[in-house]
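Build out the structure end to end from the sequences listed, making use of the hints.
Residue numbers (the working numbering), protein chains in the order written: chain X, 1 to 92; chain F, 1 to 177.
Since the hints were derived computationally from the structure, they do not count as laboratory data.
As the structure is a prediction and not an experimental result, all values here were calculated from the model.
A couple of the hints might just be wrong.
Unchecked claim - A few chain F residues that don't get close to chain X, going by computed Cβ distances all over 10 angstroms:
| id | residue |
| --- | --- |
| 1 | 35 |
| 2 | 48 |
| 3 | 56 |
| 4 | 115 |
| 5 | 144 |
Said to hold, decoys possible - Straight-line Cα separation of at most 16 angstroms, EDC-like style, residue types lysine to aspartate or glutamate; simulated pairs:
| id | chain 1 | residue 1 | chain 2 | residue 2 |
| --- | --- | --- | --- | --- |
| 6 | X | 47 | F | 169 |
| 7 | F | 120 | F | 158 |
| 8 | X | 47 | F | 158 |
Unchecked claim - Computed from the model, here is a short list of chain F residues facing chain X with C-beta under 8 angstroms:
| id | residue |
| --- | --- |
| 9 | 19 |
| 10 | 31 |
| 11 | 32 |
| 12 | 44 |
| 13 | 68 |
Even for Gly, the Cβ is constructed at its ideal location relative to N, Cα and C.
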Amino acid sequence: MIRAVRMMVTCHWSARRIQRYLDSDPAALLDPSEIRRLEAHLAQCDKCSTAVDEFRQIDSALSRWALRRMPDRQSVSHMHDVVDRLVRGELQ
Amino acid sequence: MQADAFRRYVEPEIEVLLRVARTLVGSSDVDDLVQETLMRAWRAMDRFDGRYPRAWLLTILRNTNINMGRRMRPYSVDDVASYTDAKPAFGITPLSTEEQVMAAFLPDDLERAVQSLDTKFRTVLLLVDVDELTYAEAAEALGVPVGTVMSRLSRARERVRRHLQPNFEAASAGRQR
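Next up, the structure:
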């Protein structure tokens, strides 16, 4: 019983950190002790490790949208032309 | 001097500006918005300290969008479809048949899940997970605190995951058979 409650508390604690763990964004890094505690929990909790796996699948699929949707080449070339004209003083 | 700094800090960000502009205003107004952003950045160059050029440019992009009198109307249903219907960029290998069979969900499932999100959640998801901005950059692009980006992103991902739950469960059952 105590073990189950402790696990639930850790699941709640982990759920609040899983996104930051997966992103490693410089604005919200977990500290090393948080990472150790989270990884130890993931190693023994099917529910949380499944969540991590599913978030990774979603993230990977969304990244593919970016690859399929690069900016239009004409637009990129036009913007480089705008930069050239600004630098040459032809645009203000 | 101004020209050197402009080429060094601004020119490498052109593609990011085009991607973010499309997410924020839709595909039709992107070129006007980015061109005006570049012109404003050029005029503001002498006040830029060289730190975080992308964040600086995204702030200019957001203000330019507001000043041009456009309401942000991101991620209409059509815009989301345009992400997924586009032809793969040159050099990008499409998913193999095997990868498609192994995937828990199909591109259409994901597209529906993202379309079902409220606008403010969908924007953050697209900016961070598709346009690959950092939390701080997404915050600059939207004019909200980093904490708001994080909470919206977290809820957006949770909702997408919940939407796809039947697919994940079916895939899991398939693996256990």
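Evaluation of the provided hints:
1. 35: violated, 5 angstroms
2. 48: holds, 14 angstroms
3. 56: Non-interface label stands for residue 56 of chain F: nearest chain X Cβ at 16 angstroms, farther than 10 angstroms.
4. 115: holds, 13 angstroms
5. 144: holds, 13 angstroms
6. X:47 x F:169: holds, 12 angstroms
7. F:120 x F:158: At roughly 14 angstroms apart (the allowed maximum being 16 angstroms), residue 158 of chain F and residue 120 of chain F satisfy the hint.
8. X:47 x F:158: holds, 14 angstroms
9. 19: holds, 6 angstroms
10. 31: Constraint on residue 31 of chain F satisfied, holds at 5 angstroms.
11. 32: violated, 11 angstroms
12. 44: Hint violated; residue 44 of chain F Cβ to chain X Cβ min 12 angstroms, cut 8 angstroms.
13. 68: violated, 16 angstroms
Hint compliance for this structure: hints 1, 11, 12 and 13 are not met, and every other hint is.
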